[in-house]
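Read off the chains here:
Number of protein chains: 2
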Amino acid sequence: MSPLPTFADVQAAARRLEGVTIRTPLLENERVNRALGGRLFIKAECLQRTGSFKLRGAYNFLAAMTDADRAKGVVGWSSGNHAQGLAEAARLMGVKATIVMPSDAPALKVANTRASGAEVILYDRVKESREAIGHGIAEKTGATIVPPYDHPWILTGQGTAGIEIAEQAKAAGVTLDAVAAPCSGGGLATGVALGVQGLSPTTAVHAGEPAGFDDLARSLASGTKQKNDKLSGSICDALLAPTPGDVTFPLAQKVLGPGLVVSDDEVLDAMELAFREFKLVVEPGGAVALAAALTGKLLVKGRAVAVVCSGGNVDHETFKRALGRAKA
Amino acid sequence: MSPLPTFADVQAAARRLEGVTIRTPLLENERVNRALGGRLFIKAECLQRTGSFKLRGAYNFLAAMTDADRAKGVVGWSSGNHAQGLAEAARLMGVKATIVMPSDAPALKVANTRASGAEVILYDRVKESREAIGHGIAEKTGATIVPPYDHPWILTGQGTAGIEIAEQAKAAGVTLDAVAAPCSGGGLATGVALGVQGLSPTTAVHAGEPAGFDDLARSLASGTKQKNDKLSGSICDALLAPTPGDVTFPLAQKVLGPGLVVSDDEVLDAMELAFREFKLVVEPGGAVALAAALTGKLLVKGRAVAVVCSGGNVDHETFKRALGRAKA
Numbered sequence: 079m080s081p082l083p084t085f086a087d088v089q090a091a092a093r094r095l096e097g098v099t100i101r102t103p104l105l106e107n108e109r110v111n112r113a114l115g116g117r118l119f120i121k122a123e124c125l126q127r128t129g130s131f132k133l134r135g136a137y138n139f140l141a142a143m144t145d146a147d148r149a150k151g152v153v154g155w156s157s158g159n160h161a162q163g164l165a166e167a168a169r170l171m172g173v174k175a176t177i178v179m180p181s182d183a184p185a186l187k188v189a190n191t192r193a194s195g196a197e198v199i200l201y202d203r204v205k206e207s208r209e210a211i212g213h214g215i216a217e218k219t220g221a222t223i224v225p226p227y228d229h230p231w232i233l234t235g236q237g238t239a240g241i242e243i244a245e246q247a248k249a250a251g252v253t254l255d256a257v258a259a260p261c262s263g264g265g266l267a268t269g270v271a272l273g274v275q276g277l278s279p280t281t282a283v284h285a286g287e288p289a290g291f292d293d294l295a296r297s298l299a300s301g302t303k304q305k306n307d308k309l310s311g312s313i314c315d316a317l318l319a320p321t322p323g324d325v326t327f328p329l330a331q332k333v334l335g336p337g338l339v340v341s342d343d344e345v346l347d348a349m350e351l352a353f354r355e356f357k358l359v360v361e362p363g364g365a366v367a368l369a370a371a372l373t374g375k376l377l378v379k380g381r382a383v384a385v386v387c388s389g390g391n392v393d394h395e396t397f398k399r400a401l402g403r404a405k406a
Numbered sequence: 079m080s081p082l083p084t085f086a087d088v089q090a091a092a093r094r095l096e097g098v099t100i101r102t103p104l105l106e107n108e109r110v111n112r113a114l115g116g117r118l119f120i121k122a123e124c125l126q127r128t129g130s131f132k133l134r135g136a137y138n139f140l141a142a143m144t145d146a147d148r149a150k151g152v153v154g155w156s157s158g159n160h161a162q163g164l165a166e167a168a169r170l171m172g173v174k175a176t177i178v179m180p181s182d183a184p185a186l187k188v189a190n191t192r193a194s195g196a197e198v199i200l201y202d203r204v205k206e207s208r209e210a211i212g213h214g215i216a217e218k219t220g221a222t223i224v225p226p227y228d229h230p231w232i233l234t235g236q237g238t239a240g241i242e243i244a245e246q247a248k249a250a251g252v253t254l255d256a257v258a259a260p261c262s263g264g265g266l267a268t269g270v271a272l273g274v275q276g277l278s279p280t281t282a283v284h285a286g287e288p289a290g291f292d293d294l295a296r297s298l299a300s301g302t303k304q305k306n307d308k309l310s311g312s313i314c315d316a317l318l319a320p321t322p323g324d325v326t327f328p329l330a331q332k333v334l335g336p337g338l339v340v341s342d343d344e345v346l347d348a349m350e351l352a353f354r355e356f357k358l359v360v361e362p363g364g365a366v367a368l369a370a371a372l373t374g375k376l377l378v379k380g381r382a383v384a385v386v387c388s389g390g391n392v393d394h395e396t397f398k399r400a401l402g403r404a405k406a
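Listed in order, the protein sequences are those of chains G and R.
Heads up, the first sequence is in the working numbering, so the first residue is 79 and it goes up one at a time.
Heads up, the second sequence is in the working numbering, so the first residue is 79 and it goes up one at a time.
Fair warning: there could be bad hints in the mix.
Because identical chains cannot be distinguished in the list, a pair is counted as satisfied if it fits within a single copy or across any two copies.
[Stated by the list, open to error] Derived DMTMM-like pairs (lysine to aspartate or glutamate); straight-line CA-CA distance at most 25 Å:
#1 398 to 315
#2 398 to 342
#3 308 to 395
#4 248 to 96
#5 308 to 324
#6 305 to 206
#7 187 to 106
#8 398 to 344
#9 174 to 106
#10 398 to 343
#11 174 to 108
#12 187 to 108
#13 205 to 344
#14 398 to 347
#15 174 to 228
#16 398 to 355
#17 187 to 355
#18 308 to 393
Simulated from the structure, these hints should not be mistaken for lab results.
Using the sequences plus the hints, can you model the full thing?
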């Protein structure tokens, strides 16, 4: 087994991303703090280029590749944020990107991926395998496969958000008791833990997951990798990975505290609060850590806590559903 | 006539606001830039504490007052953003605030103003005068009236956003051709012009207004103060001041370019784009300058332009109306 990624790897990623990714703000709200009886900070990665944190890992991966490999292009598969992040990273570095997307992916996400100059190959979710298509392209062209989370270059790229959180909290005169980040395959949560704890070793870091897709929480509790029963059925379309990654899980066991699990309704309420109090557009999967803080599953009372709102790529109808749950 | 406020006054305000107001981000979007053929930056003042830029001017005003005056409290009238900004500034400085608000103001805005510790006095829009009530309180208690825009301390406080825009553009390696800000009484637009042009003298600054409430645009064109025909009837509830201020207009004549006027539908489209591409919640009045840039009334093609999105205090129904105009 290769050694686990370290804080130094996240620092190296931060140097690669300088001037490329936005240092997204760490926001706080007096009214919310009073209601929770503590200090809650939001790391607003929905404001990141491409509308999610995914550009961090994808760009770091491409920047870490050799020139010879970059010349042969990259290939990836995703129906959402990784597609857009990878396509934009490739555009910025002048690398040819091929993205395999389901033919029923939202038209806007396909259009956005194409707008970054990527070649999009549509596949039939029922009859075809995106992995098989992606591997076929890689074998034929020599392109490098860029996985969505299960690679050291990806997770340490995402971890640069953790360095920023620790630095921004310090600048605000705060030592964070805990940080939480949304979790699908665990790239963001483990990376953020490395980044935060490298600068603030007493800060606990937790991964948030939607109910029914809490494979990491159950894996951490049991000590062995668990699978979800379902592959779909949560509003959190970005957080449906079936099981923790081979790279991310051993690291998660070392750096993460117990998992946090929230319901779809709690996620919709968190999206509404982000709209009303923080003026942020957060997608369902991006709001799970915030939902954990608002429901007390992640304790804020008497503490200082930061949550990553990891993306804002949400369609009108889903957003209206969140707004429909409370009166403003 | 007292001398016009200067860049040095905005610099003094910036020192007072340090550590109090958020340095809101200056955001850019590749897709929007490609569509417009230039570089468009958004100064996201909707992310400011209290959900709008108004805290800047209110806090600067209170910080510039004498201790003796502060001890007697402050009074203001507003149905919206100035109420919340003034109430929060007073809370932060430990000053008693009384805010006169219409009895039909949105319940949430009244609750938010009270949550900052202000005493809210409700009045009947039809039968009573808020100015009379406010002046009555000031005479009885010795409280200082804090006007919403027509005072040097207010407009130079708002102008600190202009200093930030110029500094942030410079850090991005950009010399801005133009900046635009929403305009009701002209405090934000004139202040921003002082702040921006103090650091970037070649940058033109424009005020945006809703159609039918373009008193400043017509006043600038004619050289004399013009009034709006109506007092209500635009979706931009924050931009309905009837005529330019006595302090702001002479300054506007000196520092602002021609006014920009947009329709309610153009404002709703701008709110939808801010949601979809920038992941920001912008209220109607906060989106007029963005609307001017998107419609070509403020030219972006071949240029670098920044617009202030000045607030995000919008109710669910109005936001849903904006989302209803296009498919995401």
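Now the hints, each set against the structure:
In this homomeric assembly, residue 398 and residue 315 come within 25 Å of each other (Cα to Cα) both inside a single copy, at 16 Å, and across copies, at 22 Å. Within a single copy, residue 398 and residue 342 get their C-alpha atoms as close as 14 Å, and across copies as close as 21 Å, so both meet the 25 Å cut-off. Within a single copy, residue 308 and residue 395 get their C-alpha atoms as close as 24 Å, which meets the 25 Å cut-off; across copies the closest is 35 Å, which misses it. Proximity of residue 248 to residue 96 under the C-alpha cut-off of 25 Å is found in both arrangements, the shortest distances being 20 Å within a copy and 16 Å between copies.
With identical chains, the CA atoms of residue 308 and residue 324 are at most 25 Å apart within one copy only, with a shortest distance of 20 Å there and 66 Å across copies. With identical chains, the CA atoms of residue 305 and residue 206 are at most 25 Å apart within one copy only, with a shortest distance of 22 Å there and 66 Å across copies. Taking identical chains as interchangeable, the C-alpha atoms of residue 187 and residue 106 lie at most 25 Å apart only when they sit on different chains, with a minimum of 19 Å there against 30 Å within one chain. Taking CA atoms no more than 25 Å apart as the test, residue 398 paired with residue 344 passes in both settings, with 15 Å inside one copy and 21 Å between copies.
For the homomeric pair residue 174 and residue 106, the shortest alpha-carbon distance between copies (24 Å) is at most 25 Å, but the shortest distance inside one copy (40 Å) is not. Taking the shortest Cα distances, residue 398 and residue 343 sit within 25 Å of each other both inside one copy (13 Å) and across copies (19 Å). In the homo-oligomer, the alpha carbons of residue 174 and residue 108 lie at most 25 Å apart only across protomers (18 Å), although the nearest pairing inside one protomer, at 46 Å, exceeds that limit. For a Cα distance limit of 25 Å, the shortest separation of residue 187 from residue 108 across copies, 15 Å, qualifies, whereas the shortest one inside one copy, 35 Å, does not.
Neither within a single protomer nor between protomers do residue 205 and residue 344 lie at most 25 Å apart by alpha-carbon distance, with minima of 34 Å and 44 Å respectively. Proximity of residue 398 and residue 347 under a CA criterion of 25 Å is satisfied in both settings, with 12 Å inside one chain copy and 16 Å between copies. When the C-alpha separation of residue 174 and residue 228 is checked against a cutoff of 25 Å, the pair qualifies only within one copy, where the shortest distance is 22 Å, while the shortest distance between copies is 55 Å. In this homomeric assembly, residue 398 and residue 355 come within 25 Å of each other (Cα to Cα) both inside a single copy, at 16 Å, and across copies, at 17 Å.
Only between protomers do residue 187 and residue 355 lie at most 25 Å apart by alpha-carbon distance; the minimum there is 12 Å, versus 27 Å within a single protomer. In the homo-oligomer, the alpha carbons of residue 308 and residue 393 lie at most 25 Å apart inside one protomer (23 Å), although the nearest pairing across protomers, at 37 Å, exceeds that limit.
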